[in-house]
Amino acid sequence: MLTIENLHVAVDGRSILSGFDLDVGPGEVHAIMGPNGSGKSTLSYVLAGRDGYDVTAGRVQLDGQDLLAMAPEERAAAGLFLAFQYPVEIPGVANATFLRQSLNAVRKARGLDELDAMQFLKSARARMKLLGMTDEMLKRSVNTGFSGGEKKRNEVLQMTLLEPRLAILDETDSGLDVDALRIVADGVNGLRAPDRSFVVITHYQRLLDYIVPDRVHILARGRIVRSGGEDLAREVERTGYADYLAPAA
Amino acid sequence: MDSAVQATRDAVEALAGEKYKYGFVTDIEADTAPKGLNEDIVRFISAKKNEPEWLLDWRLKAFRHWLEMPEPQWAKVSFPPLDYQDAYYYSAPKVGKRPESLDEIDPELRKTYEKLGIPLKEQEILAGVAVDAVFDSVSVATTFKKKLEEYGVIFCSISEAIQRCPELIRKYLGSVVPYTDNKHATLNSAVFTDGSFVYVPEGVRCPMELSTYFRINAAKTGQFERTLIIADRGSYVSYLEGCTAPMRDENQLHAAVVELVALDDAEIKYSTVQNWYPGDENGKGGIYNFVTKRGACRGRNSKISWTQVETGSAITWKYPSCILQGDNSVGEFYSIAITNNYQQADTGTKMIHLGRNTRSRIISKGISAGHGAQTYRGLVRIAAKAAGARNHTQCDSLLIGDRSAAHTVPYIETRNRTAMVEHEATTSKINDDQLFYCRQRGIAEEEAVALIVNGFCREVLQQLPMEFAVEAQKLVAISLEGSVG
Ligand SMILES: Nc1ncnc2c1ncn2[C@@H]1O[C@H](COP(=O)(O)OP(=O)(O)O)[C@@H](O)[C@H]1O
Ligand SMILES: [Mg+2]
Chain A
3 MLTIENLHVA VDGRSILSGF DLDVGPGEVH AIMGPNGSGK STLSYVLAGR DGYDVTAGRV
63 QLDGQDLLAM APEERAAAGL FLAFQYPVEI PGVANATFLR QSLNAVRKAR GLDELDAMQF
123 LKSARARMKL LGMTDEMLKR SVNTGFSGGE KKRNEVLQMT LLEPRLAILD ETDSGLDVDA
183 LRIVADGVNG LRAPDRSFVV ITHYQRLLDY IVPDRVHILA RGRIVRSGGE DLAREVERTG
243 YADYLAPAA
Chain G
417 MDSAVQATRD AVEALAGEKY KYGFVTDIEA DTAPKGLNED IVRFISAKKN EPEWLLDWRL
477 KAFRHWLEMP EPQWAKVSFP PLDYQDAYYY SAPKVGKRPE SLDEIDPELR KTYEKLGIPL
537 KEQEILAGVA VDAVFDSVSV ATTFKKKLEE YGVIFCSISE AIQRCPELIR KYLGSVVPYT
597 DNKHATLNSA VFTDGSFVYV PEGVRCPMEL STYFRINAAK TGQFERTLII ADRGSYVSYL
657 EGCTAPMRDE NQLHAAVVEL VALDDAEIKY STVQNWYPGD ENGKGGIYNF VTKRGACRGR
717 NSKISWTQVE TGSAITWKYP SCILQGDNSV GEFYSIAITN NYQQADTGTK MIHLGRNTRS
777 RIISKGISAG HGAQTYRGLV RIAAKAAGAR NHTQCDSLLI GDRSAAHTVP YIETRNRTAM
837 VEHEATTSKI NDDQLFYCRQ RGIAEEEAVA LIVNGFCREV LQQLPMEFAV EAQKLVAISL
897 EGSVG
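Protein sequences, first through last, are from chains A and G. The first sequence lines up with residues 3 to 251 when you count with our numbering. The second sequence lines up with residues 417 to 901 when you count with our numbering.
Treat the hints with care, since some could be wrong.
As the list claims (entries may be wrong) - If you only want the chain G side, here are some residues facing chain A, beta carbon under 7 Å, derived: (1) Y567; (2) I570; (3) G650; (4) Y652; (5) Y853; (6) E862; (7) L867.
Worth flagging that the hints you see were computed from the coordinates, not collected in a lab. Where is the CB? At the ideal position from N, CA and C, for every residue including glycine.
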C-alpha cells in the first residue's frame, strides 16, 4: 500500500531524513518510534505534502501512485490522513462547518455524493458518541481553546469520518490521560480493516499496549535503524534511545 | 428552511464560482438626460421628478457650492481626476408610468433581477423581505407595500416620498449630511435621482427586513442615490442594501448619501453588502464607490448599528458614522472589507460622542490580497459633555500574498476625563499552518482561504440578517478567487 524508498529530506538545507525506507502492506499497523528531533513529524509532513520540506532523493508510492507529485488535497482524496501532533486552531470556523466541508471535498473527489447538513450531523454524532465527545464540540471553532485531549479526539473524529486508506498518527497519545488514550485507541482499532493501514508515530510504548502493531521501527539518524515485532517497543521502553543515537561502530 | 430563502440561496449558489457574476448588461430602453453637468441638468432632474420649489433651490445651492469645493484628499487611494462632464446624470428605464404591480415590470428588468437573485416574486416576499430596487437611478419596484402600510411604515422610493410626505423630507433631508459636507455628498445633493425612504412610526417594530438592491446598468452613468431612514420614538427597523454593477472598462462613479435618524429609544440596523464591479485582474474598470453614510442618534437611548461587507468596487471610500447626541445612545460599526487584485479601500467610521453615557463599538476586519490596498480610518471623538462615554475599537487586518497592504489610522480625541476609549489592532498574514491543515483534510487551497477568511470575519458576519449572511459568505469566497497559487 505505502512504499517509501531511499527518502532524503532537507529543511532549510539541513538534512533530516537520509535513506529512509518503509513498506506498509494493506491492513497493517506500523509503529515508528524515535527520540525527539529524529524526524518523525518531518516524515509525516513530507508524506502529507507540506511546503518547506525538500525531497532531495527517493520515491513514495501510495497504492502505486506517485505521492510526492500530488497536492496535499489530492493526497487526502487518495486516502491519506494525518492526525497532527499539534492540531491547528482555526478561529471563527465552526468545527461542524469544517468537518462537513472536509468530508464533502473528499467524498466529491472520490466520486461519492456530498452529505447535506442533516446527513452529516447524523454521521458525526454517531462517531462522536463513541469518542466521548459532546455536541458542543461541533459548535466551537476548530480546535480553538480545545484542551490537548479534546484536540486529539477531534483528530480521531476526523479520521473516522474520512475513512482513509492510510492514516498516519503523529504522537496522538502525547498529552492524553489513560482514559482518553483508551478511547482514542478504540477509535483506531474500530477502523482497522484489511484495506486500511496505519503508521503510528509515538515516543512511548504505552500507546502500543492498546494499538498492537504488526511492525515496530526505530527512526534515528535520518533512517530506520532497527525493525522488529511488538517486543521491540517494550525493549526500547526499557533501554531508551541512547544506543541508537551514536553512529553504529 | 423557508422556500423563498432557499430560492435566493440557490440563485447565489448557481452563480457562485464565476468570476464576476453580475457582469451582464441589460438591454432596456432608457430615458437619459444629455451628458455633462450644469444647472440645467439639475433643473432637468428636479423637473422630471416634479419636485417642489424648495428642493430645487436646495439642489441648486448644493450645485453652486460643489463648483467651489476641492476634492477630498485625506484618503489613501489614488486615481486620475474625475471628469464630471463625461458622464450622464440621469438615466431611467422607459416604463411610462410606475408599475402598479410586479407583473407590470419590464420583463427584461425582471430577468436582470432574477439573475441577481433578488426576490421580487410574491412567494419570495413571504420570506419577509420587502425589496425596493433601484435600477440606474430610478426605483422600479417596491414590494410588499400593503403589509407595511398596515403598520404605518412608509417604505418607498425617495422620489415618491417627496410627493407623499414632503414635510418629513423637508425636515430631515440634509439634516444629518448637510449639502456642504464633502465634494461627493454635495454632488449627490445636487443630482440625486432616487434612493429609498423609510419612516417607522412611533412604537412600531418594523415587521420585516427592508431591503434595497442597487444596480448600475447604463454606461457612463453615475449613480447618486439618496437614502433617508427615520425611526420615530421607540421604533425598530432593520434595513439591508445590496449593490451590483455590470463589467465595463471605464470607471463609473457611485456617490451615494445615506442619512439615518433615530429618535428616543429607537433603533436602526443598517446592513450593506456591496459588490459593485471591482475592475479586472489588471485594475482596469470598476466602480468608484464614494459614499457618505451617517446616522444621528438624536434621541435618548437610541441605537444605530452599521454592518458592511465591502467586497466590490475599484475604490471604496466610505465612513459610515454615528453622531451620538442622545444620552445613553449607542453606535456600532461592523465592517468587512476585501481588496483583491488592484482594488483600493479607505474605509472606517466616525463615532462622535456628544451625549452622556454614550457607547460605541467598532469591529473592523480588513482582508487584502493580490495588489489590494486598504486603510482603516476611524475617528472616535468624545466631546466635553459626554461624561461616561465608552468606546471599544478592534481592527484586524489579514494579508494574503506579499504584495498586498493594510494600514490602520485611528484618531482618538477625548475631551472628557471620565470617558474610556480602548483600541486594539492586529495585522497578520494568512497562516500557512491553517492552510496546510485544511488541505490535508481535502479542502483545496482557494476554498481553504475562503474558509479561514470567513472565520476571521465571523464576528461581523454574525451581525447580518440570517438570509444575507449566507450570501455574504459566498461573496467573500468569490472575491478572493485567484488570490492564492
Ligand atoms: N519547519 C522546520 N524548520 C526548521 N527545522 C525543522 C522544521 N521541522 C523540523 N525541523 C527540524 O528537524 C528535526 C526533526 O524534527 P521533527 O521531525 O519535528 O522530529 P520529531 O517529530 O521526531 O520530534 C529537528 O531538528 C527539527 O528542529
Ligand atoms: Mg514530532
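Going through the hints against the structure:
Taking 7 Å as the C-beta cut-off, the interface hint given for Y567 of chain G is violated, the closest approach to chain A being about 34 Å. For I570 of chain G, the interface hint is violated, since its Cβ never comes within 7 Å of a Cβ in chain A; the closest pair sits about 38 Å apart. Nearest Cβ of chain A to the Cβ of G650 of chain G: about 35 Å, over the 7 Å cut. The hint is violated. Interface restraint check for Y652 of chain G: the shortest CB-CB distance to chain A comes to about 28 Å, outside 7 Å, so the restraint is violated.
A least Cβ separation of about 4 Å between Y853 of chain G and chain A falls short of the 7 Å threshold, and the interface hint therefore holds. Interface restraint check for E862 of chain G: the shortest CB-CB distance to chain A comes to about 10 Å, outside 7 Å, so the restraint is violated. A cut of 7 Å between beta carbons decides the hint on L867 of chain G: the least distance to chain A is about 6 Å, and the hint holds.
The structure is inconsistent with the numbered hints 1, 2, 3, 4, 6, although it conforms to all the rest.
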